[in-house]
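**Q** Given the sequences, and given the hints that come with them, work out the whole structure.
Protein chains in written order, with my numbering: chain A, 1 to 164; chain B, 1 to 164.
Check the hints yourself; a few may be wrong.
Since the list gives no way to pick out one identical chain from another, each pair is judged satisfied if it fits inside one copy or across any two copies.
As the list claims (entries may be wrong) - In silico DSSO-like cross-links for lysine-lysine, where the CA-CA straight-line distance does not exceed 30 Å:
| id | residue 1 | residue 2 |
| --- | --- | --- |
| 1 | K33 | K131 |
| 2 | K145 | K131 |
| 3 | K145 | K105 |
| 4 | K146 | K131 |
| 5 | K146 | K105 |
| 6 | K78 | K105 |
| 7 | K17 | K105 |
| 8 | K131 | K17 |
| 9 | K63 | K131 |
| 10 | K158 | K63 |
| 11 | K146 | K44 |
| 12 | K17 | K158 |
| 13 | K44 | K78 |
| 14 | K131 | K158 |
These are calculated hints, taken from the structure and not from any lab test.
2 protein chains.
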Amino acid sequence: MLEICYTSIGTIHTPHKSRENMPIQPLSASGIKASVELDPEYSKGLRDLESFSHVILIYHLHKSEGFDLDVMPFMDTKTHGLFATRAPRRPNAIGISTVKLNSIKENILQIEDVDILDGTPLLDIKPFFSKFDNRSEAVSGWLDKKWQEKNREIKSDKRFITSK
Amino acid sequence: MLEICYTSIGTIHTPHKSRENMPIQPLSASGIKASVELDPEYSKGLRDLESFSHVILIYHLHKSEGFDLDVMPFMDTKTHGLFATRAPRRPNAIGISTVKLNSIKENILQIEDVDILDGTPLLDIKPFFSKFDNRSEAVSGWLDKKWQEKNREIKSDKRFITSK
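**A** Here is the structure:
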């Protein structure tokens with residue numbers, strides 16, 4: 001086991017102030033606007049990003065503590081192995097979201113379709129590239145089945161919030 | 001700025017022993033097989049993952065050191081802002097790859113379409129879910145244009161390897 005330390009490069013500001021009643025993924029957060037405040041020392045690295053319609057944000061799930069290997073995700077009433085879910089409580093609390101990029105001005109990115117908690121520390125921004133990132137043929141196990149049964153309005157509840 | 005520390009949860013074993021002449025993304029690594037060795041204490045978390053055709057691996061780019069905000073990526077002969085590229089030298093050296101999942105036996109995942117360096121420390125495994133992760137409508141700026149000009153056989157070279 002190797003310890004790996006990173007330093008946040010900015011902060012994600014969103015309307016989601018609480019971990020309850022949040023959209024559980026970007027697609028169920030359709031139209032929700034937010035912003036990324038990149039630390040100004042990195043602004044130069046944003047050049048040419050505006051020509052992309054979507055970006056992948058990688059961030060630290062800063063309110064997530066601990067984990068269980070067997071979890072009942074928001075999308076189901078049965079348990080699954082942790083790595084077969086997108087549950088936020090994980091050995092390493094790293095989140096990824098693909099969001100719409102609306103504009104960039106200096107060090108501020110205006111984004112849309114945001115399922116991220118307010119104040120989340122940003123670790124990286126990567127351009128979304130269809131040829132690298134889309135897998136139109138993907139089969140998604142229990143999630144495919146549950147998605148057909150439920151609608152996309154599922155929200156988070158208290159289940160991954162620890163009282164610590 | 002906030003320091004965030006993670007601990008690797010396993011190791012990715014691949015045929016790519018050197019940072020030169022590597023496929024630059026999973027789609028140009030078509031058919032290349034590799035394995036993920038999850039630390040056995042996490043094996044239980046893999047339950048139900050085998051029903052997914054693809055997984056997203058999040059890992060530490062352990063050979064990457066330092067970064068420039070202005071970079072010339074493998075796909076172009078002009079420079080772009082770092083965050084408009086997938087170059088491996090970044091403020092936080094976090095890599096993500098969507099790979100095919102072929103099988104799981106105990107703590108070992110057999111995977112395919114792998115663009116990852118041998119010995120890479122694993123940080124997280126997430127199931128790829130079409131509804132969350134595909135963006136068929138995405139527009140990808142300079143990358144779309146270059147992809148049309150070049151073929152998918154582009155390989156890495158020495159440009160992001162520091163001598164340290």
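**Q** None of the hints should be skipped; say for each whether it holds.
**A** Status of the hints after comparison with the structure:
1. K33 x K131: both (26 Å within a copy, 20 Å between copies)
2. K145 x K131: both (26 Å within a copy, 12 Å between copies)
3. K145 x K105: Between copies only: 24 Å across chains, 41 Å inside a chain, cut-off 30 Å.
4. K146 x K131: both (27 Å within a copy, 11 Å between copies)
5. K146 x K105: between (40 Å within a copy, 25 Å between copies)
6. K78 x K105: Intra 45 Å, inter 22 Å, cutoff 30 Å: inter-copy only.
7. K17 x K105: Intra 24 Å, inter 41 Å, cutoff 30 Å: intra-copy only.
8. K131 x K17: between (34 Å within a copy, 25 Å between copies)
9. K63 x K131: between (33 Å within a copy, 25 Å between copies)
10. K158 x K63: Answer is within; shortest intra-copy Cα gap is 12 Å, inter-copy 39 Å.
11. K146 x K44: between (43 Å within a copy, 22 Å between copies)
12. K17 x K158: within (14 Å within a copy, 45 Å between copies)
13. K44 x K78: between (47 Å within a copy, 15 Å between copies)
14. K131 x K158: between (37 Å within a copy, 24 Å between copies)
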